[in-house]
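The sequence shown maps to residues 1 to 361 in the UniProt record's numbering.
Honestly, the hints are just simulated from the structure, not real lab data. Hints may contain errors.
Each computed DSS-like pair below joins lysine-lysine, with the alpha-carbon atoms no more than 30 Å apart [claimed, not checked]:
1. Lys30 to Lys40
2. Lys152 to Lys91
3. Lys131 to Lys232
4. Lys65 to Lys131
5. Lys18 to Lys40
6. Lys48 to Lys33
7. Lys65 to Lys44
8. Lys48 to Lys37
9. Lys44 to Lys85
10. Lys131 to Lys30
11. Lys152 to Lys94
12. Lys290 to Lys216
13. Lys168 to Lys186
14. Lys44 to Lys88
15. Lys94 to Lys65
16. Lys85 to Lys74
17. Lys131 to Lys168
18. Lys85 to Lys168
19. Lys74 to Lys44
20. Lys18 to Lys91
21. Lys91 to Lys33
22. Lys232 to Lys65
23. Lys74 to Lys88
24. Lys30 to Lys44
25. Lys30 to Lys94
26. Lys80 to Lys65
27. Lys65 to Lys85
28. Lys40 to Lys131
29. Lys233 to Lys293
30. Lys152 to Lys80
31. Lys85 to Lys152
32. Lys44 to Lys168
33. Lys30 to Lys7
34. Lys88 to Lys131
35. Lys232 to Lys293
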Amino acid sequence: MPIALLKFPYDLLGEVLKLCDPFELYFLSKCSKRAQKTIKLGGKMNWKIRYWGREQIIICRDDVKYYIFDPTDKPEDYFKMGSAKGDKSMKIPKEEAVDMFFYLLDTFGICVVNSLEVQSGNLYNFLQITKVLAERNMEIEKFYIGETFDPKYVINFMPLIDQMNITKELHCRNSFPPNFDYQFDKYPNSIRISDSPWFGINQLLNCPCTRIELSKSELSNQELNLFFQEWKKAGTFPNLRYLQVSSKNIDNQSAIWDMVPPITRRENPRIRFSAWLGEDDYIFMRDAVKVYKDDGTEAWLDVDLGGVPSLEFLVWDPERDMFEGEDMDPSDDEEEFEDEEFEDEESDEEESDDEEPDEDN
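All chains should be modelled from the sequences, with the hints used to inform the complete structure.
Below, the structure is given as C-alpha cells:
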C-alpha cells in the first residue's frame with residue numbers, strides 16, 4: 001500500500017529522511033520537484049562528493065562507506081544496483097554524468113568536494129565542473145591531475161588551480177612543456193608534483209605547505225642548502241612536516257647543511273621510523289641524520305645519490321612519529337650533526353622508503 005510520505009508533518013518527515021541512504025533519497029527526489037525540495041528536511045548530512053577518474057561520482061557518507069554513481073553506455077543497465085566490500089553502486093547514463101554531479105550537489109546540500117580527478121577521457125566534463133566549483137568557491141579537499149595528457153593541455157588547468165578553493169592536496173602527475181613557468185598564488189596543505197623543474201627555490205622558500213614532494217626537480221645542493229639555512233631560523237616554515245625532492249642536480253660536489261652527500265646515518269643501531277602526516281598518510285624513513293632548528297626543534301635528513309638523487313626531510317613530531325625495530329628515542333641520540341661534514345662515500349645499500357597511501361588513485 002502506497003504511503004503519502006509528503007503528507008507527513010515536517011518534523012516526522014525529516015526523521016524518516018535521516019534513515020535513507022543517498023540512492024533512496026535520489027529516487028525520492030526524482031518523483032517531483034516538491035519531493036526534491038523536501039530532501040533537505042533530513043537536516044545537514046555532512047556528506048562529501050567525488051568526481052573520480054572515469055567519471056564516477058561518489059557520495060562519501062562516512063569514512064568507510066561509499067555510494068557510487070557509475071556511468072555506463074548501456075541503456076539496459078541504467079539504474080541497476082550493485083554492492084562490493086560494503087560499498088553500493090548504481091549505473092547511470094554516461095552522457096548525464098556532469099548534470100548528475102550538480103544535481104546531487106544541490107539536492108543533498110553538499111558543501112565539500114572530497115576529491116576531483118581529471119584524466120584524458122573526461123577533460124571537457126572536468127573543465128565544466130571545475131569552473132562552476134570555482135565560481136561557487138566550494139571547498140575542494142583534493143585535486144588530482146593524471147598523467148595521460150599531452151603536456152600542452154595541462155597548462156589549461158594551472159590558472160584554474162588558483163581560482164579554486166583547494167584545501168588539502170594538489171597532486172599533479174602530468175608532464176609540463178619545456179620552459180613552462182608558473183607561480184602559485186595560494187597553496188593547499190600538501191603539494192605533490194611529478195614534473196617540477198619549474199618549481200624553483202623562490203617558490204620553495206615561500207611555500208607554506210605541510211607536505212612538499214617535488215619529482216624531476218632541478219634544485220641544486222646550493223639551493224637546498226639555502227632553504228635549510230632559512231628553515232633553521234626560529235619561526236620559519238611553521239607548517240612544514242615533510243619535504244621530498246628528487247633532482248639530477250643533487251650531487252657530492254658541495255654541502256647540504258654542512259654535510260656532503262650522501263647524507264645517511266652510519267652508526268649503530270640502524271634506525272627506521274614512521275611518521276603520520278594525517279588521515280591514512282604515512283611515510284617511512286631509514287638511517288636518516290638528526291638535525292636541529294635554532295629553537296631546538298628536531299628533524300631528520302637523508303640524501304641518497306643512488307639512481308635518481310633524492311632528499312628526504314622530516315620534522316619530528318613525538319606525538320605522531322615512532323621508531324620501529326629499535327629501542328631508541330630521538331632524545332637519546334647525543335650526536336648532533338649540524339656542524340659535522342662527511343666526506344664523499346658510497347651511499348648505503350638501504351634506501352629510504354616512501355610509501356604513498358592508496359587514495360583511490
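Against the structure, the hints:
1. Lys30 to Lys40: holds, 14 Å
2. Lys152 to Lys91: violated, 33 Å
3. Lys131 to Lys232: violated, 40 Å
4. Lys65 to Lys131: holds, 28 Å
5. Lys18 to Lys40: holds, 10 Å
6. Lys48 to Lys33: At roughly 23 Å apart (the allowed maximum being 30 Å), Lys33 and Lys48 satisfy the hint.
7. Lys65 to Lys44: Between Lys65 and Lys44 the Cα gap is close to 18 Å, so the pair holds against 30 Å.
8. Lys48 to Lys37: Measuring from Cα to Cα gives roughly 19 Å; hence the hint holds.
9. Lys44 to Lys85: Measuring from Cα to Cα gives roughly 27 Å; hence the hint holds.
10. Lys131 to Lys30: holds, 26 Å
11. Lys152 to Lys94: Status holds; Cα separation ~27 Å.
12. Lys290 to Lys216: Answer holds: Lys290 to Lys216 is near 26 Å, not above 30 Å.
13. Lys168 to Lys186: holds, 12 Å
14. Lys44 to Lys88: At roughly 22 Å apart (the allowed maximum being 30 Å), Lys88 and Lys44 satisfy the hint.
15. Lys94 to Lys65: holds, 23 Å
16. Lys85 to Lys74: Distance ~24 Å between Lys85 and Lys74 Cα, so the pair holds.
17. Lys131 to Lys168: holds, 19 Å
18. Lys85 to Lys168: holds, 27 Å
19. Lys74 to Lys44: violated, 35 Å
20. Lys18 to Lys91: Holds, at roughly 24 Å.
21. Lys91 to Lys33: Status holds; Cα separation ~23 Å.
22. Lys232 to Lys65: This hinted pair is violated, its Cα atoms lying about 43 Å apart.
23. Lys74 to Lys88: Holds, at roughly 19 Å.
24. Lys30 to Lys44: holds, 20 Å
25. Lys30 to Lys94: Given that 30 Å is the threshold and the Cα spacing comes to 18 Å, the pair holds.
26. Lys80 to Lys65: Cα-Cα ~19 Å, so holds.
27. Lys65 to Lys85: Answer holds: Lys65 to Lys85 is near 9 Å, not above 30 Å.
28. Lys40 to Lys131: At roughly 25 Å apart (the allowed maximum being 30 Å), Lys131 and Lys40 satisfy the hint.
29. Lys233 to Lys293: It holds: about 6 Å lies between the C-alpha atoms, which stays within 30 Å.
30. Lys152 to Lys80: violated, 39 Å
31. Lys85 to Lys152: With a Cα-Cα distance of about 39 Å, the restraint between Lys85 and Lys152 is violated, given a limit of 30 Å.
32. Lys44 to Lys168: Roughly 22 Å separates the two Cα atoms, so the pair holds.
33. Lys30 to Lys7: The given pair, whose Cα atoms are some 17 Å apart, holds under the 30 Å limit.
34. Lys88 to Lys131: Holds - the C-alpha atoms of Lys131 and Lys88 are around 29 Å apart, at most 30 Å.
35. Lys232 to Lys293: The hint holds at about 4 Å.
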